[in-house]
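J.: Letter by letter, the chains look like this.
There are 2 protein chains.
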Amino acid sequence: MRDYRRLGRAIDHEFRNPGLLEEALTHRSAGAKNYERLEFLGDSVLELVVSDHLYRRFPGAHEGQLTRIRASIVREPTLARVARSLSLGRFLKLGGGELKSGGFDRDSILSDALEAVIGALYLDGGMPAADAFIKTHFADELAAANPERVRKDPKTRLQEYLQGQARALPEYEVDEIRGASHEQRFRVSCRIPGVETVFRGEGSSKRKAEQRAAATALETLANVAVDST
Amino acid sequence: MRDYRRLGRAIDHEFRNPGLLEEALTHRSAGAKNYERLEFLGDSVLELVVSDHLYRRFPGAHEGQLTRIRASIVREPTLARVARSLSLGRFLKLGGGELKSGGFDRDSILSDALEAVIGALYLDGGMPAADAFIKTHFADELAAANPERVRKDPKTRLQEYLQGQARALPEYEVDEIRGASHEQRFRVSCRIPGVETVFRGEGSSKRKAEQRAAATALETLANVAVDST
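Chains as they are written, first to last, in the working numbering: chain R, 993 to 1221; chain Z, 993 to 1221.
Rather than coming from a laboratory, the hints here were simulated on the basis of the structure. Quantities reported herein were computed from a predicted structural model and do not represent experimental measurements. Among the hints, a few may not be true.
Copies of the same chain are indistinguishable here, so a pair counts whether it falls within one copy or spans any two.
[Claimed, not checked] Listed next, the in silico EDC-like pairs over lysine to aspartate or glutamate satisfying Cα-Cα at most 20 Å (straight line):
1. Lys1025 - Glu1055
2. Lys1085 - Glu1055
3. Lys1092 - Glu1188
4. Lys1025 - Glu1163
5. Lys1198 - Asp1145
6. Lys1200 - Glu1163
7. Lys1127 - Glu1211
8. Lys1085 - Asp995
9. Lys1025 - Asp1044
10. Lys1085 - Asp1132
11. Lys1198 - Glu1188
12. Lys1200 - Asp1004
13. Lys1025 - Asp1116
14. Lys1085 - Asp1097
15. Lys1144 - Glu1028
16. Lys1198 - Glu1165
17. Lys1025 - Glu1140
18. Lys1092 - Glu1211
19. Lys1085 - Glu1039
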């Protein structure tokens, strides 16, 4: 077993059951007892902790604002940032293929493992341990949350833009799915009735690819800069 | 204020702050202080309680099985069933239009209000109160959960069926969105390259309409009966 003590210090929790932490850091390429079950649990824990925090902190915010702020915090790039701040990649157990292809620094693996660590903390120390970890390590994103400034996602904005012009709604189509199931790439096209240009987007999920296509459409049609990350 | 005592007995929790229960039962058509914020919170609480339960109860289940079982429990028809078992509709505060159109017995409103009640319980009595309520009132669905018997959703099954035959993947398109934002109906079509028939589905969300279209496609192509609810 690896020396998880340094990581334990960064996490600021002494595990009664260190096997949980090891499981949280084991990719499926390295064994059947891997982080996927803990990730399932940790995802729900993270969502509730952030929801609870936003609910109490912004008593005047509408449900739609809360949902959008939460989505701006609980997202792969944020989770990967936190994982990197803990040097989580150094502690990951990866199988041969993932090891060679640099899986220890891939956003998707880092963010999944971080959710699994949150699941492990929740099982080992209950909600208080998970809550303290999340409030500490997502402090920047939580501090920046602002119901007045949160932006809708590009698909929503494109739809509202077209509705505002009484125009037909966009249609999305998956053109291509490449790669094995754990590292698929999606290519989608976005067609808008009455617009000749087909807008395309690519990403690691259908949703992301659609958001990128929508961002491109919005930039072209409304002539605005759109952040689709 | 209505007499919530009977409901309080059914919920088996005496609210320190009865205003929370009232808010959880107020539809947006009846006021600005309505159940939507509590629904945002309760949705996350319900998801964590069910995730935690399934995680501990099925130590041998894979993440995919857990996710599918959870989706089979945390869904509108189940939530509406629980709401009806508590006669929640009788306590709903609805505005004029919703009142006349029978909103007190609509699945979508009942299930949203039930999530809001769970959010209110969580705020008033903490996680133990929410946990006890969910374990009691979702007992049938939780007891029926079985990782070996859970079925994948129709879109996944259609995709796997086509991949198994080395055929092109389906493309979904929204043909029509009707109705105001809180009671939209979606019509989508599902096209499979190389198949002449266009399969159609309709539902209260894009996802549901797509699942119905996929179910129809699967029934036609694979000649099996598919439950798309």
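J.: Against this structure, judge whether each hint is valid.
T.: Results of checking the hints against the structure:
1. In the homo-oligomer, the alpha carbons of Lys1025 and Glu1055 lie at most 20 Å apart only across protomers (11 Å), although the nearest pairing inside one protomer, at 38 Å, exceeds that limit.
2. In this assembly of identical chains, Lys1085 and Glu1055 lie within 20 Å of each other by CA distance solely across copies; the values are 18 Å between and 39 Å within a copy.
3. Proximity of Lys1092 to Glu1188 under the C-alpha cut-off of 20 Å is found in neither arrangement, the shortest distances being 44 Å within a copy and 44 Å between copies.
4. For the identical chains of this complex, Lys1025 and Glu1163 are neighbours neither inside a copy (41 Å) nor across copies (36 Å), given an alpha-carbon limit of 20 Å.
5. When the C-alpha separation of Lys1198 and Asp1145 is checked against a cutoff of 20 Å, the pair qualifies both within a copy, at 14 Å, and between copies, at 17 Å.
6. Proximity of Lys1200 to Glu1163 under the C-alpha cut-off of 20 Å is found in both arrangements, the shortest distances being 15 Å within a copy and 17 Å between copies.
7. In this assembly of identical chains, Lys1127 and Glu1211 lie within 20 Å of each other by CA distance neither inside one copy nor across copies; the values are 35 Å within and 48 Å between.
8. For the identical chains of this complex, Lys1085 and Asp995 are intra-copy neighbours only, at 12 Å inside a copy versus 58 Å across copies, given an alpha-carbon limit of 20 Å.
9. Taking the closest pair of Cα atoms, Lys1025 and Asp1044 come within 20 Å of each other only across two copies (18 Å); inside a single copy the shortest separation is 31 Å, beyond that limit.
10. Within a single copy, Lys1085 and Asp1132 get their C-alpha atoms no closer than 28 Å, and across copies no closer than 39 Å, so neither meets the 20 Å cut-off.
11. Proximity of Lys1198 to Glu1188 under the C-alpha cut-off of 20 Å is found in neither arrangement, the shortest distances being 23 Å within a copy and 25 Å between copies.
12. Taking the shortest Cα distances, Lys1200 and Asp1004 never come within 20 Å of each other, neither inside one copy (34 Å) nor across copies (43 Å).
13. For the homomeric pair Lys1025 and Asp1116, the shortest alpha-carbon distance inside one copy (17 Å) is at most 20 Å, but the shortest distance between copies (38 Å) is not.
14. With identical chains, the CA atoms of Lys1085 and Asp1097 are at most 20 Å apart within one copy only, with a shortest distance of 12 Å there and 52 Å across copies.
15. For the identical chains of this complex, Lys1144 and Glu1028 are inter-copy neighbours only, at 18 Å across copies versus 30 Å inside a copy, given an alpha-carbon limit of 20 Å.
16. Proximity of Lys1198 and Glu1165 under a CA criterion of 20 Å is satisfied in both settings, with 9 Å inside one chain copy and 14 Å between copies.
17. For the homomeric pair Lys1025 and Glu1140, the shortest alpha-carbon distance between copies (19 Å) is at most 20 Å, but the shortest distance inside one copy (44 Å) is not.
18. For a Cα distance limit of 20 Å, the shortest separation of Lys1092 from Glu1211 qualifies neither inside one copy, at 38 Å, nor across copies, at 43 Å.
19. Taking identical chains as interchangeable, the C-alpha atoms of Lys1085 and Glu1039 are never at most 20 Å apart, the minima being 26 Å within one chain and 29 Å between chains.
Violated hints, listed in ascending order, are 3, 4, 7, 10, 11, 12, 18 and 19; each of the other numbered hints is respected by the structure.
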